[in-house]
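Which chain is which? The protein sequence lines are Y and W, in order.
Take the first sequence: its letter number 146 is residue 145 in numbering that gives the first Met the number 0, and every next letter is one higher.
Take the second sequence: its letter number 64 is residue 63 in numbering that gives the first Met the number 0, and every next letter is one higher.
Calculated directly from the structure, the hints in this document are not laboratory data.
Built from N, CA and C at the ideal position, the CB exists for glycine as well.
Treat the hints with caution; some may be incorrect.
[What the hints assert, rightly or not] For each label pair, taking beta carbons as the anchor points, the in silico distance ranges come out as:
| # | chain 1 | residue 1 | chain 2 | residue 2 | range |
| --- | --- | --- | --- | --- | --- |
| 1 | W | GLU76 | Y | ASN103 | 32 to 42 Å |
| 2 | W | ASP34 | Y | ASN21 | 41 to 51 Å |
| 3 | W | GLU76 | Y | GLU41 | 48 to 58 Å |
| 4 | Y | GLU79 | W | PHE12 | 19 to 29 Å |
[Said to hold, decoys possible] Partial chain W-side listing against chain Y, Cβ under 7 Å, derived:
| # | residue |
| --- | --- |
| 5 | ARG41 |
| 6 | HIS54 |
| 7 | PHE58 |
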Amino acid sequence: MKNSLLLGTRKGLIVCRRQHGNWKISDLHFEGVPVSIAYADERNGTWWACLDHGHWGVKLHRSNDEGRTWAEVNAPAYPEGAEIKPGEAATTRYLWSVAHGGVNNPNRLWIGTEPGGLFRSDDGGENFQFIEPLWNHPSRTGWMGAGCDHAGIHSIVVDPRNEDRLLVGVSVAGVFETTDAGQTWAVRNKGMFAEYLPDPESEVGQDPHILVAAPSNPDVIWQQNHCGVYRSVDAGANWQNVSDVHGIAKFGFGIAVAHDNPDQAWVAPGTSDEKRVAFGNALCICRTDDGGQSWQTFRKGLPQEHCFDIVYRHALAAAGDDVVFGTTTGNVFTSNDRGESWDLLSNYLPMVYSVQLI
Amino acid sequence: MPTVKFTYALRRFFPSLKDTEVSSESLPDLLQSIDAHYPGIRTYVVDERGALRKHVLIFIDGEVINDRSTLSDQFSENSEIHIMQSLSGG
């Protein structure tokens, strides 16, 4: 059982601990500073805080003692000559995803950024190498921003069976795969349908909001997409839309997958992309136990009126029987029965960007 | 030597920050020199291309610099250079 919770929020990194079955806020780091991702590396216990100082740029901090002390390390930086488009220099705007590189590469760390660059460290985060082949992918000139000025990499899924193989999710472009640690890349958008494009089946231009691999079967990848919930059973080669045709599990940002069941996943539905509020102004979580063939909606313990919350893409997490989510209006709810009932952890926190159970 | 003065907001990250005299002939050189006094501070002021961050201002003797991209504005040996933040966000 995981008994700690890291929340990356608009006003700092908030740590919660479970004591005697109850979650309590225990610590605050980087008070007042937006933390786009708070990430604990399960291999070695290192904590990472991706900061988005409004004035002073993005920064990366590392703690080897669970937050007692922090050290700033060099954040990923675009090399001289990298351009978003001709004449517009690329600089790191936002740190949007962090993933460790697997147990066989203990010093490897991946970071995805806006405006669309992927970085790899092979020395524990001391230095980051820009992955030029993805940046130079011929499709990149057609990548678009979604809610921000430029495209960004929000998802990094490392295959534990072959740690040089990963999928990245780009908004707005789609899913890309490398099998050689970033040297070559292939588009993996087959089966996605972008309702907002003139050609909805365009090879590039899809909008995955988040990718999550099933811990118990790395061939099963779940995706909350702008246009529905998708699932792949062949490691991203093909995608099936598993949205709830008659229900509400369709639009959203976050998705979580059970550690022990590749067919069980949770989503946090929102009302369409035009409004982006809680569905019916009521909070709920939907769960499938059969790979997306059917969905149940759970509301017990969640407010059912006047809710405007959206659950951001990194703010829904599951581990064991625990499911946790944080919202744009600062609500955090926890469940210890796989989402069937919920307890309020706090309803007056800052906007929540990321949630991780550790 | 020109004197560099800093917004109080930077003291949060560099607690020992104080008015600092540095021998430099250009703003990029001056920022490198300041970085030697306060390691890491340069990245708070300019991005990886050396351009002034969007919500940061540099004043030379009370005048906002013009060249935010390459920081080519000139100053004299007795100049006062302020590194400040814009009051963006209200």
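Evaluation of the provided hints:
At roughly 57 Å, the beta-carbon separation of GLU76/W and ASN103/Y lies outside the given 32 to 42 Å, and the hint is violated. At roughly 47 Å, the beta carbons of ASP34/W and ASN21/Y sit within the given window of 41 to 51 Å. For the pair GLU76/W and GLU41/Y, the beta carbons lie near 55 Å from each other, so the given range of 48 to 58 Å is met. For the pair GLU79/Y and PHE12/W, the supplied restraint of 19 to 29 Å holds, since their beta-carbon distance comes to about 26 Å.
A hinted interface residue such as ARG41/W counts as satisfied when its beta carbon comes closer than 7 Å to some beta carbon of chain Y; here the least separation is about 11 Å, so the hint is violated. For the restraint placing HIS54/W at the interface with chain Y, the shortest Cβ-Cβ distance is roughly 4 Å, inside the 7 Å limit, so the hint holds. Restraint check, PHE58/W versus chain Y: the minimum CB separation of about 15 Å is more than 7 Å; hint violated.
Going through the hint list in order, the structure does not satisfy hints 1, 5, 7.
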